[in-house]
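A.B. asks: Please model the entire structure based on the sequences and the hints provided.
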Amino acid sequence: MEIRSLENTSSDELFQAFEQAFADYEIRLNKAEHLAMLKRRGFCPELSFAAFDGDKIVSFTCNGTGDFCGLPTAYDTGTGTLTEYRGQGLATQVFEHSIPYLKAAGIREYLLEVLQHNTGAVSVYKKIGFEVSREFYYFRPELNQIRNDVKPLLFPYMVKFIGINAYDLLPMFWDFRPSWQNSVDAINRSPEGFVCLGVFMGDRLVGYGVFEPATGDVTQLAVDKPYRRQGIGSFLLGKMLEANRAEAIKIVNTDIGCDSVTVFLRSKNIAPTGKQFEMIRKL
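Those letters in the sequence shown? Residues 1 to 283, by this note's numbering.
Rather than coming from a laboratory, the hints here were simulated on the basis of the structure. Be aware that a few hints might be false.
Stated by the list, open to error - With a cut-off of at most 25 Å between alpha-carbon atoms, the simulated BS3-like pairs for lysine-lysine come out as follows:
no., residue 1, residue 2
1, K39, K56
2, K239, K160
3, K126, K103
4, K268, K239
5, K103, K39
As the list claims (entries may be wrong) - Derived DEER-like restraints, expressed as beta-carbon distance ranges:
no., residue 1, residue 2, range
6, S10, E192, 20 to 26 Å
7, L154, C258, 21 to 27 Å
8, D24, F161, 47 to 53 Å
9, I256, G129, 37 to 43 Å
Don't be surprised by glycine CBs; every beta carbon is placed ideally from N, CA and C.
C.D. replies: Next comes the structure, spelled out in structure tokens:
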């Protein structure tokens, strides 16, 4: 068994390992979706590592890199171990092997998300120095479940496509900081996959939404605080549903402490599917 970087590993080899490691998971990705996920999350092959049995990947961690809260950060884009190799501590060995390389590259902290009901993984992460930074809900409603009765907006408005980088005021609309995979940086890594719509009152942007039609992913949805409860959020959600090409939509990593988002989604008959921890380890 040897641990080495994924710098010289082909996308086909990596997808094969990913597919085998997650064969028993309910949600599956095809190769195109896997590549899109890696790109969006900032996958860095030379700072990602795997345990190889001969030439076969048997345990891997794909690390994304970027800035988070102003710090150079590595992000767990996907960790998996083939079924027959589990129980040997390989994932932990791969992670610990990567730390000196991440530090040498200037990375200051390591960020990940983990399902709360995966108590074994949560326990392992805590043992190797991770601390919970936030708790998230995630939502995966079926389309026929959603009730989004959109009423006409009661003010003169215009809706148009916008660029996510064109408006410095967008963070003022937020009630919580987006997670890594929903951040502006993540959107900028794969702008061709996203639709970004803005609602304007005159020249003033009063709400916006970022959506990935191919996957049904609602990435960002926010309304300027003085203009809430006027139907803008429902209007934007309706536009997202019209553009959706997936069998469902998904809303991942909303802060559990953010009642405004949870109440809005519940009003659409969208209840949480489950919870995640965001965890950080300082390097």
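A.B. asks: Each of the hints needs a verdict: does it hold here or not?
C.D. replies: Tested hints:
A C-alpha spacing of about 23 Å is found between K39 and K56, which places the hinted pair at or below 25 Å, so the restraint holds. With a C-alpha separation of about 11 Å, the suggested pair K239 and K160 falls inside the 25 Å cut-off, and the hint holds. A hinted pair counts as satisfied when its Cα atoms are at most 25 Å apart, and K126 with K103 qualifies at roughly 20 Å. A threshold of 25 Å between alpha carbons decides the hint, and for K268 with K239 the separation of about 14 Å falls inside it, so the pair holds.
A hinted pair counts as satisfied when its Cα atoms are at most 25 Å apart, and K103 with K39 qualifies at roughly 22 Å. Between S10 and E192 the CB atoms are about 23 Å apart, so this pair conforms to the stated range of 20 to 26 Å. For L154 paired with C258, a C-beta distance near 26 Å keeps the hint of 21 to 27 Å intact. Separated by about 40 Å at the C-beta atoms, D24 and F161 break the suggested range of 47 to 53 Å.
Here the CB-CB span from I256 to G129 is close to 23 Å, at odds with the stated 37 to 43 Å.
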